[in-house]
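2 protein chains.
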Amino acid sequence: MVNVDRQEFLKKLVTQSDSRILLLVMDGIGDVPGENRKTPLQIAKTPNLDRLAKESELGQTIPVFPGVTPGSGPGHLSLFGYDPIRYQIGRCILEALGTGVDVGEKDLVARANFATVEGNVVKDRRAGRPSTEESAKVVEKLAKEIDEIRDVKISLYPGKEHRFVVKFTGDDLDERITDADPQKNGLPIVWSEPMVKEAKFTAEIVNEFLKRVRAILKDEPKMNFALLRGFSKYPQLPNFCDVYGLKAAAIATYPMYRGIAKLVGMEVLECGPKVEDEVQTLRERYKDFDFFYLHIKKTDSYGEDGNFEAKVKVIEEVDRLLPDILNLGFDVVVVTGDHSTPVPLKGHSWHPVPFMIKSRFARCDIENAFDEFSCARGVLGTFYAVDVMGLILAHALRLEKYGA
Amino acid sequence: MVNVDRQEFLKKLVTQSDSRILLLVMDGIGDVPGENRKTPLQIAKTPNLDRLAKESELGQTIPVFPGVTPGSGPGHLSLFGYDPIRYQIGRCILEALGTGVDVGEKDLVARANFATVEGNVVKDRRAGRPSTEESAKVVEKLAKEIDEIRDVKISLYPGKEHRFVVKFTGDDLDERITDADPQKNGLPIVWSEPMVKEAKFTAEIVNEFLKRVRAILKDEPKMNFALLRGFSKYPQLPNFCDVYGLKAAAIATYPMYRGIAKLVGMEVLECGPKVEDEVQTLRERYKDFDFFYLHIKKTDSYGEDGNFEAKVKVIEEVDRLLPDILNLGFDVVVVTGDHSTPVPLKGHSWHPVPFMIKSRFARCDIENAFDEFSCARGVLGTFYAVDVMGLILAHALRLEKYGA
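Protein chains in written order, with the working numbering: chain A, 25 to 428; chain B, 25 to 428.
If you are wondering where the hints come from, they were derived from the structure by calculation, not from laboratory data.
This structure is a prediction, so every number in the text was calculated from the model and none was measured.
Some clues are possibly wrong.
Since the list can't tell identical chains apart, any single copy or any two copies may satisfy a pair.
As the list claims (entries may be wrong) - Below, simulated DSS-like cross-link-like pairs (lysine-lysine); rule was C-alpha separation at most 30 Å, straight line:
#1 Lys130 to Lys165
#2 Lys257 to Lys425
#3 Lys370 to Lys311
#4 Lys425 to Lys62
#5 Lys298 to Lys425
#6 Lys337 to Lys425
#7 Lys221 to Lys36
#8 Lys425 to Lys191
#9 Lys36 to Lys235
#10 Lys35 to Lys257
#11 Lys165 to Lys208
#12 Lys208 to Lys425
#13 Lys36 to Lys286
#14 Lys337 to Lys78
#15 Lys36 to Lys208
#16 Lys62 to Lys78
#17 Lys184 to Lys286
#18 Lys62 to Lys208
#19 Lys242 to Lys184
#20 Lys257 to Lys286
#21 Lys246 to Lys184
Sequences are here, hints too, so could you generate the full structure?
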């Protein structure tokens with residue numbers, strides 16, 4: 025079929041309705057059978073999820089392509105209907121978002137290393153791997169001395185060991201500059217170069233910043249210079265609320281997911297750290313929005329840890345809270361993940377992700393249960409995650425007919 | 025989604041691993057129920073394939089598009105991850121490969137007919153359909169007389185009846201020349217014309233060749249001229265080993281499949297004519313490669329013959345040899361076909377192709393069996409054959425995560 029951007033296509037069909045939508049994302053929910061030949065979803069006692077499944081259409085989603093394991097960025101972007109190939113968020117932006125650095129439209133961020141230089145040569149790109157505490161002190165020292173360069177504001181954020189993040193805030197910043205990093209020990213210092221004419225100013229700021237760092241740290245025994253790489257501007261994404269005609273809110277406890285939600289234009293709600301806190305926030309703000317993205321982190325975390333029992337327990341916890349959520353009265357409820365995180369793999373994977381959508385108009389099946397196998401055999405079959413938003417809007421009666 | 029070439033996309037994610045992969049292609053394996061309402065895969069006694077299925081993910085592949093019946097070229101290219109629309113291999117190249125003609129990068133091949141001319145008119149484009157033996161003698165006569173034209177080497181290969189193949193080998197040959205064939209009896213002789221400036225030299229060589237043929241055969245009663253068409257150069261395909269970071273070998277007994285494997289850059293192994301010879305080669309060379317393409321021809325041949333029982337027997341033969349294959353210790357095993365060849369159709373067909381993939385990370389299902397129906401209901405659903413290599417690399421842990 026003609027290759028059309030889903031969002032551009034849907035936007036023209038969007039119409040208003042007072043329907044309310046919940047997108048419940050259990051991060052990394054999909055799994056593969058372990059030694060017991062069962063997945064956590066199959067073992068977990070989930071009477072409420074299974075009851076919901078019987079009122080839902082089931083299917084399984086492919087986040088990017090078959091075989092491709094997505095990071096959290098592409099996994100969420102496709103669930104939100106953004107083509108994960110077309111829209112790629114710089115690793116640096118996601119790391120910044122993940123460490124809680126607030127990133128906005130005028131910001132350019134870079135990953136930084138402390139390094140040891142002798143004369144003009146980079147002796148150690150990691151400055152002898154200082155402890156996180158030592159490194160944070162030097163970041164603080166720099167932050168006190170460098171505040172602004174030619175109207176560009178400089179913000180510094182400590183990271184693990186030799187790593188930190190630099191954020192440049194100002195007009196006309198351009199990410200098309202080269203890394204200021206020789207990539208190998210024993211090579212001369214490398215300055216940033218503009219890759220296009222428009223980026224000349226940015227490269228000058230970056231190099232001026234590095235010169236000041238050098239001057240300030242000249243007496244440090246090891247952390248006497250910095251290397252900068254992966255310059256990324258805040259990406260320009262179509263606004264979620266604008267594209268789908270929704271007033272959308274995000275409830276998530278981890279900075280990375282709060283950051284992605286902010287990036288697409290959702291309102292990120294204040295919330296406590298536990299799943300029940302998230303449900304509490306949902307309850308309190310239910311009247312204020314017509315779309316909620318609710319993110320459950322720990323299913324992924326325990327998958328990454330290879331902890332089968334703990335993953336089962338989180339699923340059961342969500343199941344216990346589900347009646348409270350459903351009682352709010354959503355017209356459309358989706359339960360799915362952004363990717364699979366199988367316990368045996370201890371990491372994200374390429375496996376399709378269990379998906380269910382409940383509405384008055386679901387082609388529901390009394391045989392359904394919410395697990396990988398029932399979803400794989402579901403009436404929706406296997407489909408791309410980038411098509412989820414279209415399905416959601418349809419069930420919410422928020423899309424007009426296409427063509428006469 | 026953005027229309028991205030799978031190979032370009034995967035290549036950036038490829039990483040190294042010591043995992044070993046087997047792609048076992050049972051040519052034309054898919055079928056439709058016959059008078060007994062069962063397919064050969066359902067009737068064949070295949071305890072080993074069914075056991076493997078229970079440790080595998082099942083699905084079915086679409087070689088090109090739904091409804092499109094692929095030749096062996098597109099069928100294999102998509103299995104190997106080459107977009108079968110983007111990469112089209114000239115029929116002439118495949119016929120040459122299929123008849124065992126060795127084709128390389130400096131070669132231009134053409135299909136040829138013996139014809140009867142009177143004066144300047146082509147009286148019979150098939151020269152009265154000579155027997156294959158008579159025709160071969162005349163090819164031999166030509167081969168003795170024509171060896172080279174202006175540094176371009178000429179090689180001739182006999183074919184069936186009036187047909188033969190001409191291979192031109194040299195620098196700067198260009199396939200963009202017109203057919204030297206009037207297409208109809210009773211029309212004047214047609215000479216080859218360059219379609220672009222760069223092909224002028226090639227057209228001259230071809231026409232010079234035809235003039236020499238005419239001179240040499242002037243006393244032949246019927247086969248006194250030749251018509252040439254379908255000029256094809258050796259296609260430039262991305263190298264399989266380079267794209268996927270694999271050391272890949274092909275084990276196949278028929279020239280066509282050995283040729284396709286060579287075309288994509290696999291090493292084609294010497295091998296005896298039987299399936300057990302192929303398994304023997306696999307055993308001997310197991311340590312030398314990390315990817316093996318193993319081709320079983322007869323499932324297709326008996327499908328083409330409409331011989332249900334014989335197709336069943338070949339499947340059972342492969343099943344008997346399967347434990348020997350699996351004992352080698354592959355990390356990833358795929359069993360599938362390049363297309364279906366249903367017995368009632370006596371030819372290739374458009375039907376999806378049974379597919380299974382086994383690895384430690386398979387979302388396996390104890391209910392699985394290896395046949396068209398169990399595969400259609402498998403956890404992988406229905407997917408494009410061009411996505412097979414992504415899945416294989418993922419299960420072999422040879423792909424990095426996409427995005428942070």
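Subject >> Up to 30 Å CA-CA - Lys286 versus Lys36, copy category >> reply: Classified as both: same-chain Cα gap 24 Å, cross-chain 29 Å, threshold 30 Å.
Subject >> Intra- versus inter-copy proximity for Lys286 and Lys257 (alpha-carbon distance at most 30 Å) >> reply: within (15 Å within a copy, 45 Å between copies)
Subject >> Alpha-carbon proximity context of Lys425 and Lys62, limit 30 Å >> reply: Result: close only across copies, 25 Å inter versus 42 Å intra.
Subject >> Lys35 and Lys257: within-copy, between-copy, both or neither at 30 Å Cα >> reply: Answer is both; intra-copy 26 Å and inter-copy 26 Å each pass.
Original post:
Between the shortest in-copy and the shortest cross-copy C-alpha distance, which are at most 30 Å for Lys370 and Lys311: within, between, both, or neither?
Top reply: Result: close only across copies, 29 Å inter versus 39 Å intra.
Subject >> Same-copy or cross-copy closeness of Lys257 to Lys425 [CA-CA at most 30 Å] >> reply: between (38 Å within a copy, 22 Å between copies)
Original post:
How would you label the pair Lys36, Lys235 (within, between, both, or neither) given a Cα cut-off of 30 Å?
Top reply: Neither. Shortest intra-copy (51 Å) and inter-copy (35 Å) distances fail the 30 Å Cα cut-off.
Original post:
Is it within a copy, between copies, both, or neither that the alpha carbon of Lys62 lies no farther than 30 Å from that of Lys78?
Top reply: both (21 Å within a copy, 13 Å between copies)
Original post:
Quick one: Lys184 to Lys286, C-alpha cut-off 30 Å, is that within a copy, between copies, both, or neither?
Top reply: within (25 Å within a copy, 49 Å between copies)
**OP:** Can you give me the call for Lys221 and Lys36, within, between, both or neither, at a CA distance of at most 30 Å?
**Re:** Between copies only: 28 Å across chains, 37 Å inside a chain, cut-off 30 Å.
Original post:
Which holds for Lys62 with Lys208 at a C-alpha limit of 30 Å: within a copy, between copies, both or neither?
Top reply: neither (46 Å within a copy, 64 Å between copies)
**OP:** First find the shortest C-alpha distance between Lys298 and Lys425 inside one copy, then the shortest across copies, and answer within, between, both or neither for a cut-off of 30 Å.
**Re:** between (41 Å within a copy, 28 Å between copies)
Hint violations for this structure: numbers 9 and 18, all remaining hints satisfied.
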